[in-house]
Amino acid sequence: MSERTYKVPRWLDLPEKILVFTVDEFLAFVGVAGALIMFSEIWIAMPTAALVVVGMRKFKGGENSAKLLHWLYWILPDTVMRWKAIPPSHERILAG
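In case it helps, the working numbering puts the sequence shown at residues 27 to 122.
Honestly, the hints are just simulated from the structure, not real lab data.
Check each hint, because a few of them may be wrong.
Straight-line C-alpha distance at most 30 Å; calculated DSBU-like pairs for lysine-lysine [unchecked claim]: (1) Lys-86 with Lys-43; (2) Lys-33 with Lys-86; (3) Lys-84 with Lys-33; (4) Lys-43 with Lys-93; (5) Lys-93 with Lys-33; (6) Lys-84 with Lys-43; (7) Lys-43 with Lys-33.
Nothing here was measured: the structure is a model prediction, and the numbers come from that model.
All chains should be built: construct the whole structure from the sequences, respecting the hints.
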């Protein structure tokens, strides 16, 4: 076994990365940069997208994306973050 053929992660719980960003940071960067580039503000787009990523990293505080999803679950309206598999609490019909 050669060291070049296998990549052993340093920690088992490392998140997936795209370049130097985690997946959620990459999506935020591309979303902000893409929106501002569409409005022909390329000189403002990259620094603003970088500030958004830095803000996300500070908010997460070194934790995983679950903290961000937990915050979004309580802040966003019910129609955005509704669990599809769980029936509403007023329905008493159980499967089986």
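Ascending list of hint numbers which this structure does not respect = Violated: none.
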